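As they're listed, the protein sequences go chains U and C.
Under this note's numbering, the first residue of the first sequence carries the number -6, and numbering increases by one thereafter.
Under this note's numbering, the first residue of the second sequence carries the number 8, and numbering increases by one thereafter.
Nothing false has been slipped in among the hints.
With a straight-line Cα cutoff of 30 Å, these simulated DSS-like cross-link-like pairs (lysine-lysine) come out: (1) C/425 x C/397; (2) U/362 x U/472; (3) U/362 x C/45; (4) U/304 x U/506; (5) U/279 x U/472; (6) U/506 x U/468; (7) U/17 x C/397; (8) U/279 x U/362; (9) U/17 x C/375.
Bear in mind the hints are in silico, worked out from the structure with no lab data behind them.
As the structure is a prediction and not an experimental result, all values here were calculated from the model.
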Amino acid sequence: MQLTLWTYEGPPHIGAMRIATAMKGLHYVLHAPQGDTYADLLFTMIERRDARPPVTYTTFQARDLGADTAAIFQDAVAQAYERFRPQAMIVGASCTAELIQDDPGGLARALDLPIPVIPLELPAYQKKENWGASETFYRLVRTLAGGTPTPRDGRRPICNVLGPTALGFRHRDDLVEITRILGALGIDVNVVAPLGATPADLGRLGAADFNVILYPEIARAAGLHMQKTFGQPMVETVPIGVQATIRFVEEVAAVAGVDPAPVLAGAPSRLPWYSRSVDSTYLTDKRVFIFGDATHALAAARVAATELGFKVVGLGTYTREFAREVRAEAALHGIEATITDDYLDVEAAIQAAQPELVLGTQMERHIAKRLGLPCAVISAPIHVQDFPARHSPQMGFEGANVLFDTWVHPLMMGLEEHLLGMFREDSEFHGAAAPSHLPRHGVEAPVAVEAASVPAPAPASLDPILVTWATDAEKELKKIPFFVRGKARANTERFARERALPLITVETLYDAKAHFGR
Amino acid sequence: MNAHAPIPTLDAGCDIRHERGQRAVFCGLTGIVWLHRKIQDAFFLVVGSRTCAHLIQSAAGVMIFAEPRFATAILDERDLAGLVDANEELDRVVRRLIERRPDIRLLFLVGSCPSEVIKLDLSRAAQRLSRSFHPDVRVLSYSGSGIETTFTQGEDACLAALVPEMPRAPETGAPALLVVGALADVVEDQFARLFADFGIAEVAFLPARRAGALPAVGPDTRILLAQPFLADTARALEARGAERIAAPFPLGSEGTTGWLRAAADAFGVPAERFERVTAPGRARAAVALDLYRDRLADRRVFFFPDSQLELPLARFLSREMGAELIEVGTPYLHRQHLAPELALLPAGTRVVEGQNLDAQMDRCRAAKPDLTVCGLGLANPLEAEGLATKWSIELLFTPIQGYDQAGDLAELFARPLKRRARLEV
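Between the sequences and the hints, there should be enough to build the whole structure, so can you do that?
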């Protein structure tokens, strides 16, 4: 039993719904009580889809439990087939139906429908959403994939793009970028799946020369199966960031036997120059804490460290399936990875790491808000804000541009910081004035001022020794520009605590400054 | 599935049908979202699955409170396989929770579909935990499971769980009024002022804003339901001697007047005093409703079943705003509590209890209503098909009862129509 305030992932049948909703011509019959129908709104409200997910819920009730829930399930399957006439169906149970053990697969098979009906075993008390998506996609591919590649003789290379789903973090936009890159390389796309694919399309998967795996959490299992069955190589590099995108282009080109040079020529992303631009020097060693699904957290760590010059002080994921990879990446940054799906653990890790920027999920956004830290969202769990009206990919060269903007803008702009420091005694720029790019109106404004000037008090558990500021030291602290004052205060207090100094004097302040540097 | 042929029965002039089949409604856990705001020192711990946690988080769209006063104790494989004693695990989770939140005075263990199916006895667990945390924290339990409860029935189950905790009212022979059902504080205060102006001395509200302020109940208690979904709570109060005052529900000016009048009559308030006290509110409501009548008059409205507020809302739209009712769905129809509402609906109104989703969507599409009131999951698909919708969960989160909210209630229905008229893209 786990105490959970917020969850990073839904149950595994939500993962199956993400596959079913992404596809066309597929229907999912889910043995589940009425409350489980909330899942519709994930797709229709958060993603703003214009149709109900292709899901029929049996919505059995307590009074049915003594009677025949199996018959309810069979009726639901038969009626869903009649009404929707899908090319294929998936059937399974949600957490409650799993307990009553009705065997949806067997019941559906007994109906002898003239279409493939694929049973899903998604253990709701062990597994979670991404695993459910991966397993569902794998089952579909295993059952439906067919076809063989035609001989190359002169034709353009063709590949499948695997991984994008409904309710995926920027999957819609990533797919546009990746398709553009493949097109520029002279490679045709055979099937994109699951997003937009029909069961019949899955039947043509084998015709491709190779597979591009965009989101390993979802498509790696299916990719491995096709590698084994059809001998199709996989390209697994996740093209998030400039270097990863270059690597991706080179790998794809090598597998396809095409020349990557034209695509890599010139300056396909603005990120490298923007990072080298002198106004970005203030980004150097910005302490950043990163948490998300494994794909996005791993990529973010690499981009943050090597493409923006940040210092990665925290890295973690809720994707236990990829814990090994995340631990290895964390070791490269000299830190220990936070592998957890407990929001409270993540909060504690953020507080302990004292970052200046948080790259996380919507949950970390709230933690950061509370701690007065800037934050950018890099990963699911999904939120209505993660479906912007504009094109906003994470992958490819344009994706790298988006990363630069969305990670850097929450930080104070370097030149503005510098000018504020110069003019800080002027009335417009007095110590308590908020930077002009932060909101001045509405309820957010006071929080923003707080954020820039005073760090949130550390919780009692992290602050066992109480330190006091002498009046003159407090005055001296106020002379420090407000945008670095919070850090100066925190560092000085940490310095005093570590040395068990009960009173912070002006000397302590400067001793601490010398000790920590910058 | 299991769709019965509709058997029309004429009841108080309405054409009442029953449907069975796929439903698209929330379960009772959803009530936590407004109940935890109402009872300010209560915490709601769902004992359930990851789905339960995901539901509350998603349905409420509430990733806004950094640390909310609700959480889920997620059952895992070990709990189900009996490898660990689920009760010991629950005690451990509750201890951790209470250590973290010493401000909590009342803890609800909320049952879910999985906890019901594995027959985890939460009422015994609540008694045990109550003893161990006495006197700092009281622990109660109720079921919000989707196999037992639909959406607003979660509030009913929660309030019913409070009833045994209510102190016994001394028998004085003088009646005392108990208003039952969660109302926004602002609405509660308005009603309290009106009852005071009527001269009704003893007025209390359930739920109270603080866990320790539970009202008393006894044979002198007269209960006035503020919400139409409180069957179990009313039954539990009646079992403690209270008498229910039959009334329409306080939605719209007419509903509010009917509701207040039922109480006033039960307490012997002179007609002249009733008129004098309610006149200003009625006058303000009339002005406020006039603003939206053009927008709503003659509009054809279709209600999907969702909150059990459908009947009073339909009555309001039809009688006060001049709308035409195509179909009024409700997940459950309490004939007795809703009798005054059924009597006010236009003769022949089609009321459908229960749901068969696909068939109902077909009827809705065929009817092409001007406004469709439905759950959150259906709203955008129907909008995309060209139907204007009002998603009904907002009717639970917004203060809509009483004279001074009648205009707000009309505005909630008028807004989607106004927006459609406004947009040129």
